[in-house]
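Chemist: In the order they appear, the protein sequences are chains A and B. Sequence positions in the first sequence follow this note's numbering and run 266 to 382. Sequence positions in the second sequence follow this note's numbering and run -10 to 99.
FYI, nobody ran anything at the bench for these hints, they're computed from the structure. Even glycine gets a Cβ: it sits at the ideal position worked out from N, Cα and C. Please note that a few of the clues may not be correct.
FRET-style restraints, in silico, Cβ to Cβ [as the list claims (entries may be wrong)]:
(1) Glu59(B) - Thr285(A): 33 to 43 Å
(2) Asn11(B) - Arg274(A): 30 to 40 Å
(3) Glu348(A) - Gly5(B): 42 to 52 Å
(4) Glu6(B) - Asn336(A): 46 to 56 Å
(5) Pro(-3)(B) - Ser352(A): 23 to 33 Å
(6) Thr380(A) - Asn11(B): 24 to 34 Å
(7) Ser17(B) - Arg350(A): 21 to 31 Å
List of simulated lysine-lysine pairs, DSS-like, C-alpha gap at most 30 Å [to be verified]:
(8) Lys52(B) - Lys343(A)
(9) Lys46(B) - Lys31(B)
(10) Lys289(A) - Lys68(B)
(11) Lys68(B) - Lys46(B)
(12) Lys343(A) - Lys333(A)
(13) Lys333(A) - Lys58(B)
(14) Lys52(B) - Lys31(B)
(15) Lys58(B) - Lys48(B)
(16) Lys68(B) - Lys31(B)
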Amino acid sequence: DAGVIQSPRHEVTEMGQEVTLRCKPISGHNSLFWYRQTMMRGLELLIYFNNNVPIDDSGMPEDRFSAKMPNASFSTLKIQPSEPRDSAVYFCASSSPQGGANTGELFFGEGSRLTVL
Amino acid sequence: EDQVTQSPEALRLQEGESSSLNCSYTVSGLRGLFWYRQDPGKGPEFLFTLYSAGEEKEKERLKATLTKKESFLHITAPKPEDSATYLCAVQAFGNEKLTFGTGTRLTIIP
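Let the sequences and hints guide you as you build the complete structure.
Modeler: So this is what it looks like as structure tokens:
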């Protein structure tokens, strides 16, 4: 199994530009999570989907952030316009019907490191 | 709001020197407490799930324990390959999301 695939791995952009991060979950997994990791705040949940439907987006910082899951094999996290304080590592994770809700086992991608200048 | 506090922030041990990492939590109805390992430049990797006070789980040199207020990750005779950041997370009943602590960065010196 290829695991959770995220792209790009690194993104450097200028303030005000639009950023789109992409995620392909593990096949058969029905829950998808977007987390942001910084040194100061650790891993913070931004939003999660179950069966492609957003369940909890209370962690999305503000209207500049949006996430979509058009089908079971693809999700995007968009930041428009980006700001320097958005610099962080963004992780996507997925879990199976028997996993996340039961054992807490999430499978994480390798992350997208975003730097906004 | 669910909260997880981990201590210490960083820990350096000599190879073979046993120690424990702490995870204190507050959650409205604990469904599970989870330990993850994160290597530099990688995503977190699942280690254990604990569901109730008194429960213990073991994996190689790691043993996780749980009380009503905190969890400990005991590391026995660690090796350099155990160096990583160890993350603790909690999940409340009725909610699939995990709330993470900021982690303990463990370094094992040969």
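Chemist: Now look at each hint and say whether the structure bears it out.
Modeler: Going down the list of hints, with the structure as the test:
Checked against the hint of 33 to 43 Å, the pair Glu59(B) and Thr285(A) passes, with Cβ atoms roughly 40 Å apart. Taking the beta carbon of each, Asn11(B) and Arg274(A) are about 33 Å apart, inside 30 to 40 Å as hinted. In this structure, Glu348(A) and Gly5(B) meet the distance hint of 42 to 52 Å, their C-beta atoms being roughly 47 Å apart. In this structure the supplied range 46 to 56 Å holds for Glu6(B) paired with Asn336(A), their Cβ-Cβ distance being about 50 Å.
Judged by the Cβ atoms, the range 23 to 33 Å given for Pro(-3)(B) and Ser352(A) holds: they are separated by roughly 26 Å. The given range of 24 to 34 Å is respected by Thr380(A) and Asn11(B), whose C-beta atoms sit roughly 33 Å from each other. Between Ser17(B) and Arg350(A) the Cβ separation comes to about 30 Å, which falls inside the hinted range of 21 to 31 Å. Of the pairs offered as hints, the one joining Lys52(B) and Lys343(A) is violated, with about 39 Å between alpha carbons and a cut-off of 30 Å exceeded.
As the CA atoms of Lys46(B) and Lys31(B) are separated by approximately 24 Å, the hinted pair is consistent with the 30 Å bound. Taking the CA atoms of Lys289(A) and Lys68(B), the gap is near 34 Å; set against the 30 Å cutoff, the hint is violated. At most 30 Å may separate the alpha-carbon atoms for a hinted pair to count; Lys68(B) and Lys46(B) meet this at roughly 19 Å. A distance of roughly 9 Å separates the Cα atoms of Lys343(A) and Lys333(A); the hinted pair therefore holds under the 30 Å criterion.
Taking the CA atoms of Lys333(A) and Lys58(B), the gap is near 37 Å; set against the 30 Å cutoff, the hint is violated. Taking the CA atoms of Lys52(B) and Lys31(B), the gap is about 23 Å. The hint holds against a cut of 30 Å. Of the supplied pair hints, the one linking Lys58(B) and Lys48(B) holds, its CA atoms being roughly 22 Å apart against a limit of 30 Å. At roughly 20 Å between alpha-carbon atoms, Lys68(B) and Lys31(B) fall within 30 Å of each other, so this suggested pair holds.
Hint violations for this structure: numbers 8, 10, 13, all remaining hints satisfied.
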